[in-house]
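Q: Got chain A sorted already, so can you dock chain B onto it with the hints?
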Amino acid sequence: VIAAVAASTIATALLGVTGPATGAALPAVATQAEGTPDWVAARIEARDTGKDSRADMRMRLFDRQGRMRERVMTLLARRDPAGDKTLVRFTYPNDIKNTAFLVWEHPGADDERFLYLPALGRVRRIAGAEKQESFVGSDLSYEDIGGREIADYTYSFSDPDAAWTAPDGSRHPAWSLESRARDPHADYPRSVSLVRKDSFVIVHADVYNARDERVKTFDVKKLERVDGIWTVLSLSVANDRDKTRTELETTSIRYNVGLSEADFSRRRLEQHTR
Amino acid sequence: VSARLADVLWRFRYPACALILLGFVALAPLTNFTDLDNDISAWISRDDPVYQTYERFRDEFGGGRALIVALRSPELFTAESLRFVRDVTEDIKRIDRVQRVQSLSTANVVRALPAADSEESGGIEVQPLLDDLEKPDSAAAVRREALGDDLLRGDLVSEDGTVTAIVVTFDEDRIDEVRGEVIDAIHDTVDRRLPAGMEAYYNGSLEISEAYNRITLENTRNLTPPILLLTILAVYVMFRSWRITGVVVISILVSTVWTMGLFVLMGFKYNVLASMLPALVIVLAIADDVHIVQHFTHDLRDTGDRKHAFLSSVEHLFAPLLGASATTALGLLSLATSDVYSVRTFGIGAATGVMVDFVMSLVFVPTLLTLIRPETAPPPQERWLVGPMRAVARLSIAYARPVLACALVAAVLATAGISRLRVDTNHINFFSERHPLHQSADVIDRYLSGIYSFNILFEGAADSMKTPDTLQRMERLRERLQQLPFVRKVVSVADYVKRVNRELYGGSRDAAVVPDSGDAIAQELFVFGLSDDGRVELERMVASDYSRAQMSVKLASMSSDLVFEQINEAERLAAAAFEGSGITVTVTGAGRIFATLDHYLVVSQLSSFATAFVTVFGVIFIVFRSARFGLLGVVANAVPVFAVLGLMGWMDISLNVATVMVASVALGIVDDDTIHFINRYRRETAHGVSSADAIELATIHEGRASLTTAIVNSLGFGLMVFSEYRPTAWFGGLLALTMAVAFIAEVFVVPAVITVLPRVYGRPAALRRVGSAA
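Protein chains in written order, with this note's numbering: chain A, 12 to 285; chain B, 65 to 838.
So that you can see chain A by itself, here it is in the shape it has in the complex (with noise of 0.2 Å):
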């Protein structure tokens, strides 16, 4: 579980998606008064992500020991406002290659997953499972991927005239902003991020337990236009408690591409070529 603002800006960073959020409650941009906390959360959720996108990936998972595992996969994203829809599909390592994991988002309603599996041939829905949950066995919950209602939150900045330094070395203006749950019982109730102000985009965010103690690092890695969107093509998440890491690169992503709505339905999840 982690904060809105970090959800939301990975995955628009991550799926690519555009249109409207689909999330209820969220403080429209035009109701906020320019440059507070409230507006710069709504700017992060509202910016512009591209209507779909398909994209190739490479996540690499570091356990404990260092030893890494990587798997490659392909990520069809959708926005729709009545639900975005996610498909996922492994191409390497060779054993779980065409394992296929489909979301339909279901806004103030339970999302429906679907999970293909070759060597069962089947597609079977998955329930109950938790929007905190790792995503694919990685540092990553599907609320990063997914995102979260950002009026959960509540916003202030830890530092309105901050710098975030690109691994290029180049400093860029940001915000530093403080999100606080407003659920007393939430498990990760206070993350701070960084905020470039050119774009909006979340680059860097620590996140932290019930006794404030930091559990994940964010860590923004390359960050570029494609096709005129900001897109996060290289991530770093780290996991202070478990002590493994997770990077995730893109390495092609292309936006607007035209994809349906068959392109999510369950059929093609058994189908293995894309």
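If you are wondering where the hints come from, they were derived from the structure by calculation, not from laboratory data. What you are looking at is a predicted structure, and each value in this text was computed from that prediction instead of being measured. Where is the CB? At the ideal position from N, CA and C, for every residue including glycine. Hints are not guaranteed to be accurate.
Unchecked claim - Just a sample of chain B residues kept apart from chain A, beta carbon distances all over 10 Å, derived:
#1 R75
#2 G186
#3 E189
#4 R207
#5 R447
#6 L459
#7 S581
#8 S616
What the hints assert, rightly or not - Taking lysine-lysine pairs in the BS3-like style, the calculated list, with each CA pair at most 25 Å apart, reads:
#9 K233(A) <-> K62(A)
#10 K254(A) <-> K157(B)
#11 K108(A) <-> K157(B)
#12 K232(A) <-> K208(A)
A: This is chain B only, laid out in the frame that chain A set:
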């Protein structure tokens, strides 16, 4: 030599005492022990291959340092009880340094779902077990599902549904700094809101370590002051002089601080065995000091000359005190051959203490005695004991053969008892049945999967742990292990695959099998690892690159010699199951450590006792410069040691980390009085006294000192029996008994042997062989 040394010590007595006091002041701050270490490394060396395998295992699959809270209630599956489990789980998660909490509240149940339409083949549902406790009949549903789940039943919830466990794991790198506070916070969180009729029991390696830390401090705080007080009283009663008592007490305190300070300077960690050191040093110091005080006061009363009393005491007692101290120190130092860290450091620390006592009794005590006003009246010890000791001497001579016959019968009985000795390092058995740790172990053993476990570590090439062949071998091994007595639960990665396979095939029990296809296994493991909980659970069972895996075997709490048998059998079964697979199999885990510890204790017992036997008797031969009297010393000292070992066998007191030291320590301690006795006997006969009279004089003077020290030491060691830690109690009780038996051997057996063998030990023989020790 003794006379020259006495002269040198007299000349430099004040600088020497100043140096001793300076050291006392410098070392005193080191003896405030706050850094306690009772973790497993206190028992086994970090360099040991068995420990290193365990470390490799822990590094891969996480530590087993958990705290188990067992909640027992006949009404466990009610909404109120389950809400309590849920709330407590959440509260414990918020306690500092807690990493994970496993309970019914964190458990997920996996259910097969029917197909919603033709485009899918059914589904699987993963839901928290305690999903919605507000629904009517939800508690009954939770009970049904928990007891129907093979991975939960017997592990997190008992078969009869009356006991459930909350298992807490911690940030292992940082927990030790605040362990006590964290454990207290967990106890408080649970106990404060415990519903009526529910009982909480605490156990697990962290709780045990903390109990050990508490006992270590309690041993130091609760044993040392009463032993010191008793010593003060005993010395006062024996000498009826506060001045002499003061001298002895100051000497003891200085010795103790020196010993413990040097223990710290040697880099040793303070643990439950080390906590017995101050008490041991106090008791041992008495023996030396009583001889010096008795000789000094006697001489001073006769001559009225302090210098003469000083020189005479040092001159006459240097050799026997050196011999006695050296043999005691060697007996203790023999423990340095042990593979068990705490036993080794205890032996070195105690040996240091003995030699510190020796220096104090030779330099510090007589110097202080010269500074106090002399006592004019003979001490009560002299008035009370001379008559009885004379009677004892006459009895031993008159009934020499019956005395030896009794000793022979005792030796036979002792030998039979020794054959009954068994080794047990089960830490739960070290606490009384009423101790909370013992009670919680009983509950967890009886209702859940037990607190003891071992693990089988499988190592091979990357991806080798997810092939059908490997998993099927694991499954066959699990079935064989499950048939062993005392094995409660066996879990491996194969169980997770079976579980997912079952749910993916509609939830039928027939589908709970390892698939034949490698891809199917890989994909099912992939599915299991999709969730956070699944990922964490998998990390505890198999390495991420599938080059290593482990099998967890949980056992009922039992004697470690039984664990040893189970582990040997498991090792054999595992080797057979994986023969020709290219996968190496190693048995490790806490159970393995304890089994190894048993083995080491047996070896320690033999090696340290053999070392003590050779060195102690070597020194006795050197001191007496006589094979015959050396042999007499051997007989006199072997009697109490064998008697105590035999008694341990008859009383079913196991050989464990503490009692394993009794024989070597006893051998070192009891020979002191024998040396003094034989030394006196030979000195008297050398001066022309008859054997019978020499025995009488030795019994009256040295036997009296021995009786004094035996009384003081037996009472001092005897106080240890009040420790709630059984090994401490056994150690103290057995040493107290040893002192008593040693005294009997000295004043009955030695005179009887001398009397029965006049041609060997009679006056002419004594005259022939009298050496410089006399």
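Q: Look at each hint and say if it fits the structure.
A: Going down the list of hints, with the structure as the test:
| no. | hint | in the structure |
| --- | --- | --- |
| 1 | R75 | 66 Å, holds |
| 2 | G186 | 7 Å, violated |
| 3 | E189 | 4 Å, violated |
| 4 | R207 | 20 Å, holds |
| 5 | R447 | 70 Å, holds |
| 6 | L459 | 73 Å, holds |
| 7 | S581 | 6 Å, violated |
| 8 | S616 | 19 Å, holds |
| 9 | K233(A) <-> K62(A) | 22 Å, holds |
| 10 | K254(A) <-> K157(B) | 18 Å, holds |
| 11 | K108(A) <-> K157(B) | 38 Å, violated |
| 12 | K232(A) <-> K208(A) | 17 Å, holds |
Against the hints set out earlier in the document, violations occur for numbers 2, 3, 7 and 11.
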